[in-house]
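J.: Each chain, letter by letter, is given below.
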Amino acid sequence: MALNRNAYKALEDIVGADNISEEPAVLDAYALHWGLKAFTGNPFGRRHEAVLLPGSTEDVQVIVKICNQYKVKFKALSTGWGSMNGPGGEGVIQLDLRRMNRIVEINEKAMYAVVEPYVINAQLQAELMKRGLTCNIISAGSNTSALPLTALMGSGPTSNSTSYNNRNILGVEWVLPNGEILRTGSLGSGVGWFCGDGPGPSLRGIMRGYKSPLGGLGVFTKAATKVYHWPGPEVVPVEGASPGYTPKLPDIISAHYITFPSWERFTEAGYKMGESEIALACDKLPPWMLALNLTENAREGIRLFSEIRPQTVDKGISVLVVIGADSQREFDYKEKVLKRITSETGGEYLPLVEEPATRKKLIWHRVRATTGARETFRLMLSQGASFGSCDSWEFAVNEAREGARLKQKYIEKGLLVDDGVDNAWGTLYEHGHMGHMDELYLSDPTDPASKQAAFTLMEETTRACMEKALGCPQTVMGDRGHDLFGPRMNNYHLWVRKFKKALDPNGVSESTNYITVPE
Amino acid sequence: MVLEDCRDDLEWCSRCSMCKFIPMEVISGYDFATVCPSIARYNFHSYSAGGKLNMALAMLDGRIDYTDKLVEMIYQCQICGGCDVSCKYNRDMEPMEALYEFRMKCVGDGQLVPAHMIVIDGLRREDNMMGGSKSQRGDWAKGLDVKDITAEKAEVYFHAGCRYCFDNELWPAARSAVGLLLKAGVDVGITGKEEVCCGGRSYEIGYLGEFTKYAEHNIEMLKVAGVKILVTSCADCYHAFKVLYHKIGKKLDLEVLHITEYLERLLEEGKLKPTKKVPMVVTYHDPCHLGRMGEPWIPWEGVRTKGSGMIFLHEPPKEFRRGTHGVYEPPRNILKSIPGLNFIEMARIRERAWCCGAGGGVIDAFPEFALWTALERVNEARTTEAEAIVTACPWCKRILSDAIKESGDRLQIYDVVEILEQAL
Ligand SMILES: Cc1cc2nc3c(=O)[nH]c(=O)nc-3n(C[C@H](O)[C@H](O)[C@H](O)COP(=O)(O)OP(=O)(O)OC[C@H]3O[C@@H](n4cnc5c(N)ncnc54)[C@H](O)[C@@H]3O)c2cc1C
Numbered sequence: 153m154a155l156n157r158n159a160y161k162a163l164e165d166i167v168g169a170d171n172i173s174e175e176p177a178v179l180d181a182y183a184l185h186w187g188l189k190a191f192t193g194n195p196f197g198r199r200h201e202a203v204l205l206p207g208s209t210e211d212v213q214v215i216v217k218i219c220n221q222y223k224v225k226f227k228a229l230s231t232g233w234g235s236m237n238g239p240g241g242e243g244v245i246q247l248d249l250r251r252m253n254r255i256v257e258i259n260e261k262a263m264y265a266v267v268e269p270y271v272i273n274a275q276l277q278a279e280l281m282k283r284g285l286t287c288n289i290i291s292a293g294s295n296t297s298a299l300p301l302t303a304l305m306g307s308g309p310t311s312n313s314t315s316y317n318n319r320n321i322l323g324v325e326w327v328l329p330n331g332e333i334l335r336t337g338s339l340g341s342g343v344g345w346f347c348g349d350g351p352g353p354s355l356r357g358i359m360r361g362y363k364s365p366l367g368g369l370g371v372f373t374k375a376a377t378k379v380y381h382w383p384g385p386e387v388v389p390v391e392g393a394s395p396g397y398t399p400k401l402p403d404i405i406s407a408h409y410i411t412f413p414s415w416e417r418f419t420e421a422g423y424k425m426g427e428s429e430i431a432l433a434c435d436k437l438p439p440w441m442l443a444l445n446l447t448e449n450a451r452e453g454i455r456l457f458s459e460i461r462p463q464t465v466d467k468g469i470s471v472l473v474v475i476g477a478d479s480q481r482e483f484d485y486k487e488k489v490l491k492r493i494t495s496e497t498g499g500e501y502l503p504l505v506e507e508p509a510t511r512k513k514l515i516w517h518r519v520r521a522t523t524g525a526r527e528t529f530r531l532m533l534s535q536g537a538s539f540g541s542c543d544s545w546e547f548a549v550n551e552a553r554e555g556a557r558l559k560q561k562y563i564e565k566g567l568l569v570d571d572g573v574d575n576a577w578g579t580l581y582e583h584g585h586m587g588h589m590d591e592l593y594l595s596d597p598t599d600p601a602s603k604q605a606a607f608t609l610m611e612e613t614t615r616a617c618m619e620k621a622l623g624c625p626q627t628v629m630g631d632r633g634h635d636l637f638g639p640r641m642n643n644y645h646l647w648v649r650k651f652k653k654a655l656d657p658n659g660v661s662e663s664t665n666y667i668t669v670p671e
Numbered sequence: 329m330v331l332e333d334c335r336d337d338l339e340w341c342s343r344c345s346m347c348k349f350i351p352m353e354v355i356s357g358y359d360f361a362t363v364c365p366s367i368a369r370y371n372f373h374s375y376s377a378g379g380k381l382n383m384a385l386a387m388l389d390g391r392i393d394y395t396d397k398l399v400e401m402i403y404q405c406q407i408c409g410g411c412d413v414s415c416k417y418n419r420d421m422e423p424m425e426a427l428y429e430f431r432m433k434c435v436g437d438g439q440l441v442p443a444h445m446i447v448i449d450g451l452r453r454e455d456n457m458m459g460g461s462k463s464q465r466g467d468w469a470k471g472l473d474v475k476d477i478t479a480e481k482a483e484v485y486f487h488a489g490c491r492y493c494f495d496n497e498l499w500p501a502a503r504s505a506v507g508l509l510l511k512a513g514v515d516v517g518i519t520g521k522e523e524v525c526c527g528g529r530s531y532e533i534g535y536l537g538e539f540t541k542y543a544e545h546n547i548e549m550l551k552v553a554g555v556k557i558l559v560t561s562c563a564d565c566y567h568a569f570k571v572l573y574h575k576i577g578k579k580l581d582l583e584v585l586h587i588t589e590y591l592e593r594l595l596e597e598g599k600l601k602p603t604k605k606v607p608m609v610v611t612y613h614d615p616c617h618l619g620r621m622g623e624p625w626i627p628w629e630g631v632r633t634k635g636s637g638m639i640f641l642h643e644p645p646k647e648f649r650r651g652t653h654g655v656y657e658p659p660r661n662i663l664k665s666i667p668g669l670n671f672i673e674m675a676r677i678r679e680r681a682w683c684c685g686a687g688g689g690v691i692d693a694f695p696e697f698a699l700w701t702a703l704e705r706v707n708e709a710r711t712t713e714a715e716a717i718v719t720a721c722p723w724c725k726r727i728l729s730d731a732i733k734e735s736g737d738r739l740q741i742y743d744v745v746e747i748l749e750q751a752l
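Protein sequence lines correspond, in order, to chains A and B.
For the first sequence, my numbering assigns the number 153 to the initial residue and increments by one for each residue that follows.
For the second sequence, my numbering assigns the number 329 to the initial residue and increments by one for each residue that follows.
None of these hints come from the bench; they were simulated from the model.
These figures come from a predicted structure and were not determined experimentally.
Every residue gets a Cβ at the ideal spot worked out from N, C-alpha and C, and that includes glycine.
Treat each hint with caution, since some may be false.
[Said to hold, decoys possible] What the simulated footprint calls covered on chain B by chain A, stretch by stretch (three residues with Cβ under 8 Å from a Cβ of chain A suffice, anywhere in the stretch; the number is not a length): (1) 332-343; (2) 394-400; (3) 410-416; (4) 544-556; (5) 591-605; (6) 643-650; (7) 743-749.
[Said to hold, decoys possible] Calculated cross-link-like contacts (lysine to aspartate or glutamate; reagent style DMTMM-like; alpha-carbon spacing at most 25 Å): (8) A:K189 with B:E538; (9) A:K189 with B:E332; (10) B:K634 with A:D570; (11) A:K189 with B:D393; (12) A:K161 with B:E400; (13) B:K397 with A:E242; (14) B:K634 with A:E459; (15) A:K189 with B:D389.
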């Protein structure tokens, strides 16, 4: 279905001929997605009718109004790594926001940064570090949007000290699906970006609950995100050439990779680390990912994994703890506390990470989040994730535990890749207030039995979430998932539909991956 | 190899957008974080390496057909290799190969860029990429007391390259290069008007046949001349002789050196001694073909196959060229050897350098885009407060000079050899 010519002309008038395209090749570049090949066999999803590159909030607002006028659906994307950017049906245009790429403000005193959607996390963090600050970066990588409203969960390697996206949102400039601009939090009262909840309309839980609305609630054109103290240098000097860079970090930023003998001891250690507030990162980077993180090719990664397996996988559950301090005294104290916690909980430091050069490399890879694609896609694209609900630390650990239990049989049968079984990535949030875990698995997309095992595992994990009250999985997107979980969770789905209807009366903000409202 | 052979990589792109930026580890601020001029200028994802891989797959799958716009998107790219380095920071794949093969497919299918047809026509008739007459190819060296290796033996062959031969403004740098070699007592010769194109640019715009023809010609000529070392001041030619010839199975049976590598050697041996002060603040622009693309070719033949544990690996094990071993230090070491010279780095250097804009046929077909790209680099250089940009390739020097002129800036531009010459 081609776009109505009048609608096209109206849209072209807004962005200019150079910033709109209906070229099939361009549309296919936006239609391909890694997730699709593994699951459907075809890497291409549905094409958008056109792609637009708006340059400002004003552009977006007029585009959205035109969409309402012509009943054309739209879907925004920032960096576009999410598999949720594609249209769920016909008649959808894509708004690629890459021309909206300014850091609007960094407020050191009030500790926030205001960004447009195409500022990537690496850019923002680099600017923040010059001011002794840092931001939360999702573990996918710093190549993703710094806007705290796009990523699925918003959790990352340093979330122990930098929280997660839903909690980091302050003032937001939001083009609603009807074309109105809403300014939330303190921004709504014209007093600046510093607060998400007022004075002014909050709507934080509606705008994005624990998950992003995935394009289904209009377009976020600017947002303030809370930023945090960075104890390291203003610029981390990095020597050498890609991919084997050598970052020069001061010795008072350190890391230990600690393996605990059981899930219970691991949980206990997490709480203790949270309570003592010693860790910049409490990052459950599984041994499989650690091996891929530290190596420069797949083969090396697999070799390193088998090398560290006896000291990690075979011994228990591991976590990467990064300690950062502003003085030697503070550092010594934190190191001492960590040692004490480790010995009280039966943990052991992995010698590999005690080696200074490896340690520094690893710290920088995690703090800057540089290796997401290496830890996941280097071996194959058929990576899947399950669980990931946001709750207490113990709850999160239980998700990982259940994930590993369900996965094990498929690994034993040779249907899923042997990634050490517990390949859950997760983190403490805010020094132990809460936690996140998602269990990852790898299947072989060319092998029907392996593909089937991956599907079945997904079903089993979803069922486990319901039957064992393990929360709403991060993979729940769209009506089917919400209609399944809503009735078990205070009928939240009915409320989400009401909000969607109220904010998007014409149903133009494409929301297949969020929730839809029947006509 | 054909585009179909790249299918694995086309399907393995995870759309992470790393190809648009310098590696995340080395981003040191908001500015100068990007590496791909094509997406930076034109913005649609289809202009990035990832987007081009997506389009190539769509083409193989019969989802799209050629249009003028598609061909334009494929060629509005300098093939500078920045994407390749950034992708391969994390991934074991070869995006650049797909970009080359997509162009070769275009040419094979008769989808030609008019400006390139003119250039290739000129190449076929006059053996150069500049539209000049082959009878004038040797004019740059008039008056130089240097051997002609078509007539007498020499140990070292200096290849000037099409840009130096036919861009009069740049002649002094080529003449300086030969002059420095002679001064150091090197037994060097040239081929004057008998020199022909290295063929590298034709490879980059998809004309494999032309490239092979020139490679064969040069190999034969060098065999007859019996030289031991080939030296060139042109980064594009260096890349062709050293990397591309090897890539198509025609590795030269002699040492290929860029002039900066050879001069560094001569400095180390004490055959050249920079003693005069050159009181100048300079920054260095890494030519893509000398830097990240200049690392040696690593032959590999095999498949990516499912090994034990269901994991897909390259068999036999494949060593990737990730930009790690390009020619980065020699030009820097030369600059650092010059008394009084203050050398400051730009933000994007070595394997993550921003392209000058001239490469991959862009200067011929899309001069406005070439200039835009060069202006970005000039702006970056300006932030270092250097008085001059120093580079090591005539294509870079040409387009950066044009950009400086266009911007009205007072920056100067030199080749490394010109700075060294001042110090001797
Ligand atoms: C390897 C890998 C690891 C991952 N790890 C994590 C992780 O640790 N934590 C985590 O939270 N997520 C993770 N994710 C998921 C991640 O959130 C998405 O991939 C996300 O897309 C990242 O890119 P982005 O933020 O630029 O958003 P995009 O991909 O651009 O968009 C994501 C969604 O938000 C919508 N959207 C984008 N911009 C706007 C806007 N301005 N206004 C309105 N809607 C918009 C889009 O329509 C889309 O539905 C991971 C993904 C991958 C591939």
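J.: Does the alpha-carbon distance linking K189 of chain A and E332 of chain B stay inside the 25 Å limit?
T.: Holds - the C-alpha atoms of E332 of chain B and K189 of chain A are around 17 Å apart, at most 25 Å.
J.: Taking a Cβ-Cβ distance under 8 Å as contact, does the stretch 591-605 of chain B have three or more residues in contact with chain A?
T.: Answer violated; 0 residues pass the 8 Å Cβ test.
J.: Between K397 of chain B and E242 of chain A, does the CA-CA distance stay at or below 25 Å?
T.: At roughly 24 Å apart (the allowed maximum being 25 Å), E242 of chain A and K397 of chain B satisfy the hint.
J.: Are at least 3 residues of the stretch 394-400 of chain B within less than 8 Å of chain A when you compare beta carbons?
T.: Our answer is that it holds, as 3 residues pass the Cβ test (under 8 Å) against chain A, meeting three.
J.: Quick one, are K189 of chain A and E538 of chain B close enough, alpha carbons at most 25 Å?
T.: Violated, at about 38 Å.
J.: Below or equal to 25 Å on CA atoms is what counts here, so check K189 of chain A against D393 of chain B.
T.: holds (22 Å)
J.: Mind taking a look at whether chain A covers the stretch 332-343 of chain B? Criterion is 3 or more residues with CB to CB distance under 8 Å.
T.: Since 5 is at least three, the answer is holds.
J.: Counting residues of the stretch 410-416 of chain B that have a beta-carbon nearer than 8 Å to any beta-carbon of chain A, does the count reach 3?
T.: holds (count 3)
J.: Sort out whether D389 of chain B lies within 25 Å of K189 of chain A, counting only the CA atoms.
T.: holds (13 Å)
J.: Verify this for me: three or more residues of the stretch 643-650 of chain B with a beta carbon less than 8 Å from a beta carbon of chain A.
T.: Since three or more residues must qualify, the claim that chain A covers the stretch 643-650 of chain B holds, with 3 doing so at under 8 Å.
J.: With the threshold set at 25 Å, check whether the alpha-carbon distance from K161 of chain A to E400 of chain B stays at or below it.
T.: Measuring from Cα to Cα gives roughly 23 Å; hence the hint holds.
J.: According to a criterion of three or more residues whose C-beta lies within less than 8 Å of a C-beta of chain A, is the stretch 743-749 of chain B covered?
T.: violated (count 0)
In summary, the structure is inconsistent with hints 4, 5, 7, 8 from the numbered list given earlier, while agreeing with the others.
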